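> Given the sequences, and given the hints that come with them, work out the whole structure.
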Amino acid sequence: MADDHPVVRAGLKELLTGALGKVAFAEAKTALEALEQVGKEDWSLVILDVSMPGRSGIDILGEVKTTRPKLPVLMLSMHPEEQFARRALKAGASAYMTKETVPEELVKAVRKVLAGGRYVSASLAEKLASDLQEPADRPPHEILSDREFQILQMIASGKTVTNIA
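For what it's worth, the working numbering labels the leading residue of the sequence shown as 113, then goes sequentially.
A few of these clues could be false.
Said to hold, decoys possible - Below are the EDC-like pairs computed for lysine to aspartate or glutamate, each with C-alpha atoms no more than 16 Å apart in a straight line: (1) 125 with 148; (2) 211 with 194; (3) 125 with 139; (4) 182 with 194; (5) 177 with 153; (6) 177 with 216; (7) 152 with 175; (8) 177 with 154; (9) 141 with 116; (10) 211 with 116; (11) 152 with 139; (12) 202 with 116; (13) 202 with 171; (14) 125 with 216; (15) 182 with 153; (16) 239 with 194; (17) 182 with 154.
Hints are computed from structural coordinates only; laboratory data are not their basis.
Being a predicted model, the structure only gives us computed values, none of them experimental.
Here you go:
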């Protein structure tokens, strides 16, 4: 599991150990550490935070899927589903959950993903279905390419054009 907050990693570990029984965990607090951990072991699942120091989870999701295409990745984020879920799922994530998700739903998502499925919350499923019918009503940031969105994020975080280039 990759998250830059120790309390989140500890909580996930306790929750999943209680729900799934004896399981092995590796922890990463940065995107680079997460990539290293993916390469070290034959993991059954990666739980990846969207916002981590260095590079975002969305950025490294592509690398994880390139090196281990069948490895399921559950994206877990403080950001609302509307902001990142579609990008994460298009990039290969098996599930996208917010950190506001109730523990039982997170466990349900983990079980489904471990069984080879994909998981989205009921609210995200409704939003995705709505978008199919009304694509013109989508917010402008949702129609940006991945690179355009990445640049928008860097500008919003205060980086200069020189730093971005």
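> All hints, please: hold or fail.
Hints, verified against the model:
A threshold of 16 Å between alpha carbons decides the hint, and for residue 125 with residue 148 the separation of about 19 Å lies outside it, so the pair is violated. Between residue 211 and residue 194 the alpha-carbon distance is near 14 Å, which keeps this suggested pair within the 16 Å criterion. Restraint check: the Cα-Cα separation between residue 125 and residue 139 comes to about 9 Å, which is no more than 16 Å; the hinted pair holds. A threshold of 16 Å between alpha carbons decides the hint, and for residue 182 with residue 194 the separation of about 25 Å lies outside it, so the pair is violated.
With a C-alpha separation of about 15 Å, the suggested pair residue 177 and residue 153 falls inside the 16 Å cut-off, and the hint holds. With a C-alpha separation of about 27 Å, the suggested pair residue 177 and residue 216 falls outside the 16 Å cut-off, and the hint is violated. A distance of roughly 14 Å separates the Cα atoms of residue 152 and residue 175; the hinted pair therefore holds under the 16 Å criterion. At most 16 Å may separate the alpha-carbon atoms for a hinted pair to count; residue 177 and residue 154 meet this at roughly 13 Å.
Restraint check: the Cα-Cα separation between residue 141 and residue 116 comes to about 4 Å, which is no more than 16 Å; the hinted pair holds. Distance check on the hinted pair: residue 211 and residue 116 sit about 13 Å apart at the alpha-carbon level, within 16 Å; holds. For the suggested pair residue 152 and residue 139, the alpha carbons sit about 12 Å apart, so the restraint of at most 16 Å is met. With a C-alpha separation of about 24 Å, the suggested pairing of residue 202 with residue 116 is violated against the 16 Å cut-off.
Between residue 202 and residue 171 the alpha-carbon distance is near 12 Å, which keeps this suggested pair within the 16 Å criterion. Among the hinted pairs, residue 125 with residue 216 is consistent with the structure: their alpha-carbon atoms are about 14 Å apart, no more than 16 Å. The suggested pairing of residue 182 with residue 153 holds, with an alpha-carbon distance near 14 Å, which does not exceed 16 Å. About 8 Å separates the Cα atoms of residue 239 and residue 194, which keeps this hinted pair within 16 Å; it holds.
Our distance criterion of 16 Å between C-alpha atoms is met by residue 182 and residue 154, whose separation comes to about 11 Å.
Checked against the numbered hints given earlier, the structure breaks hints 1, 4, 6 and 12 and satisfies all the rest.
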